[in-house]
Amino acid sequence: MALIHRVIVPDEKYPTEYAILVTDTRSIFIRQKKTRSSYWLRGEMKFGTALVTDVIPKTLEDYEQTSLGSLTTDPANITVPHEAVVSLVMGKEEPEFRAREFFVWLTMRRQGHRFQVYNFEMKYRQSPNAEPSIRFYMVPLGAYFKPERQTKSRETILREYAIEALEMFQKVLPAGIVSS
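Its first residue numbered 664, the sequence shown is counted upward by one per residue in the working numbering.
One or more of the hints may lead you astray.
[As the list claims (entries may be wrong)] Ranges of calculated distance between the beta carbons of each label pair, as one might list FRET restraints:
1. Glu759 x Thr698: 31 to 37 angstroms
2. Lys697 x Gly839: 22 to 28 angstroms
3. Pro791 x Thr735: 20 to 26 angstroms
4. Thr770 x Leu723: 14 to 20 angstroms
[Said to hold, decoys possible] Lysine to aspartate or glutamate pairs mimicking EDC-like chemistry, simulated, CA-CA at most 16 angstroms apart:
5. Lys696 x Asp737
6. Lys755 x Glu823
7. Lys834 x Glu746
If you're looking for bench data, these hints aren't it; they were derived computationally from the structure.
Glycine included, C-beta positions come from ideal geometry on N, C-alpha and C.
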């Protein structure tokens with residue numbers, strides 16, 4: 664088992680935070696408690712990093728206290744069996760700034776780094792006629808990001824966080840499903 668501490672799934676009304684528990688047979692998107700407003704979550708998806716850094720991520724040990732059965736039956740969670748996955752594609756986006764984000768843009772420009780936010784799109788078969796997809800953005804929590812920022816660039820941290828997730832999925836999904 665492996666754990667991706669945090670991803671954000673976009674939604675028109677309100678983006679949703681999930682942790683992903685990756686087992687050998689399925690990936691469980693575990694809905695996280697609402698910790699911030701839609702404004703902050705949309706900003707975090709755009710910039711690729713936690714703007715509010717006070718949330719402590721749950722660990723794999725925290726989830727060992729909970730049965731996989733209870734996680735899969737919880738309607739707030741999304742369970743995707745690995746044999747149902749049709750494709751998993753990793754992409755990256757550079758943020759487009761609006762006028763009210765001028766100071767964020769200025770700060771990023773002064774730091775001299777390109778800010779690319781990594782995302783995944785997972786398509787899976789739910790029934791013979793339905794192939795839903797989940798798009799999720801790799802946005803590390805501040806507890807992960809801050810210590811790494813002492814020695815690495817923002818761009819490197821975001822890339823490594825996405826690559827770790829990609830490698831987790833490559834280990835458990837059938838060959839040829841994952842692409843970057």
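Against the structure, the hints:
no. : hint                                : in the structure
1   : Glu759 x Thr698: 31 to 37 angstroms : 25 angstroms, violated
2   : Lys697 x Gly839: 22 to 28 angstroms : 37 angstroms, violated
3   : Pro791 x Thr735: 20 to 26 angstroms : 22 angstroms, holds
4   : Thr770 x Leu723: 14 to 20 angstroms : 34 angstroms, violated
5   : Lys696 x Asp737                     : 14 angstroms, holds
6   : Lys755 x Glu823                     : 13 angstroms, holds
7   : Lys834 x Glu746                     : 13 angstroms, holds
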